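Colleague: My request is simple: use the sequences and hints to build the entire structure.
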Amino acid sequence: MFGCSRLDVRTALNQTSTKTFFLLFGTPSSRTTRAMSSSTSSAAKRQQRDSISPPPAKRKVQSGTTKSAVANFFKPSSQKPKDRTIWTERAPDDDTPATLLVGRYEPEQPPTESEKRSKVAAFDLDSTLIGTASGKKHADAAVDWKWWHPTVPGKLREMYNDQGYVASAVLFAGPADIARYRIVVLSNQAGLVLHADPKAKTPKSTKDRVSAFKQKVNAVLTQLDIPTTIYAATEKDIYRKPRPGMWKELCDDYDLVGQVDLKQSIFVGDAGGRIAASKTAKDFSCSDRNFADNVGIEYLTPEEFFLGEKPREFVREFDVVHYPYPDDSEPSGTESLFEKKNKQDIVLSCGPPGAGKSTFFWKHLMPLGYERINQDLLKTREKCVQAAKELLESGQSVAIDNTNADPDTRAVWVQLAQKHQLPIRCVWFKTPLHICEHNDAVRSMNKILNPESRTALPKMAFNGFKSRFKEPKMKEGFQDITEVDFSFRGTKEEHEAWAKYWL
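Quick note on numbering: the sequence shown equals residues 1 to 503 in UniProt numbering.
Mixed in with the good hints, there may be bad ones.
[As the list claims (entries may be wrong)] Pairs of lysine-lysine residues, derived as DSS-like cross-links and limited to a Cα-Cα distance of at most 27 Å, are as follows: (1) Lys389 x Lys340; (2) Lys146 x Lys204; (3) Lys341 x Lys363; (4) Lys263 x Lys500; (5) Lys236 x Lys500; (6) Lys430 x Lys475; (7) Lys136 x Lys214; (8) Lys155 x Lys214.
Hints listed in this document are in silico derivations from the structure and should not be mistaken for laboratory results. Please read these numbers as outputs of a predicted model, since none were measured by experiment.
Modeller: Below you can see the structure in the form of structure tokens.
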């Protein structure tokens with residue numbers, strides 16, 4: 001009667017209820033019903049999308065981002081204030097790319113310093129000075145940060161401007177030195193890649209992380225607004241805590257080599273090896289506590305330093321204090337550990353990477369006239385077998401300096417000995433895996449303990465040995481099996497390097 005088109009139907013549905021529309025125009029056909037149903041759904045979605053303007057306010061999140069920082073974000077580049085953080089990059093040596101990111105912040109009006117600051121207050125960054133404003137474990141944007149606790153910036157300014165803190169080592173030793181603290185930040189940032197492998201397909205998100213990190217740190221240091229430097233280690237090299245590389249860099253930068261007041265200096269970080277407590281998870285590592293021990297300064301957790309909480313119990317998986325320098329570290333002869341029994345034979349090593357197999361060869365087998373066969377040098381087992389065969393045919397005794405974890409691998413050398421009608425002896429290195437990993441890290445980071453310039457092995461090298469290992473047995477064909485338990489053997493200088501925390 002009214003001559004309603006589909007457009008009229010949709011308009012009417014937007015203005016009246018479906019029930020009222022049916023009362024006015026009668027019940028439509030099934031086809032028209034389907035059309036109206038579809039139109040109703042579309043109209044409802046359109047209404048939901050278009051009716052909310054502006055969107056509802058989100059719950060306010062505590063953040064370290066100030067209104068001025070937000071305003072500056074939208075300013076043209078020419079009008080933005082100049083960043084006060086100067087960034088540089090550093091490499092462990094001349095042959096490797098830079099892996100340490102260094103940002104030095106100076107306020108617009110830096111204070112005049114009349115004397116050198118010999119006391120250092122060093123802090124970790126994440127979960128120590130700042131946390132995420134979003135509540136996520138890792139920040140997903142440059143603005144996703146807030147102070148770990150509201151007292152953090154004031155405490156740091158207090159330490160920089162006044163004494164502010166007395167280390168426990170001198171708390172009861174009379175009047176403390178009133179010299180002010182040098183404030184620095186030392187942070188492991190394995191998620192950053194400074195120089196990606198040109199052959200690898202590095203995602204754009206990885207490249208953007210460095211820029212976002214710089215923006216975030218500049219915002220943090222700008223709010224703090226005291227002269228300071230942040231050191232960010234991006235690889236598992238000498239710079240990564242607990243290794244001492246970043247500490248050496250800051251001492252060089254501030255001309256403090258040999259002049260740091262170790263008794264009054266401190267390091268604050270959340271990785272303290274603390275065990276789980278009521279409603280509190282265990283720490284993910286002990287690297288911050290170990291770092292402080294390595295450089296010889298007091299360690300505190302953020303809760304102890306900023307909140308005054310009592311220390312919690314902690315544990316270390318491997319503690320170097322249990323391995324002091326032994327009086328008999330350098331035995332005068334080789335007979336105490338290995339004695340040559342045969343005119344010609346094969347000595348087969350068995351043990352994980354970093355167990356001391358190569359050191360044992362140099363100190364105990366090489367003086368007895370053994371020639372070394374090592375797959376790290378020859379690259380393949382076939383080349384190792386061929387080299388050993390040639391040496392045996394020339395009348396030499398050989399030492400197989402490989403891991404030889406399982407019976408099948410060891411059978412290759414047993415068969416070679418049988419073919420040449422020679423005895424084969426086994427030296428089984430029973431060094432625990434956690435000590436092997438420590439030894440590997442020590443070796444890769446210290447030239448005096450690394451004559452072959454070996455690089456650090458990946459974790460999978462140790463896990464792979466563990467999964468394949470089967471104890472050597474006499475029935476495999478050995479003349480005898482010599483078991484070697486771990487004990488440090490070397491000079492005091494070598495032990496000084498070894499007895500640090502490297503993992």
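Colleague: Which of the listed hints are not met by the structure?
Modeller: none
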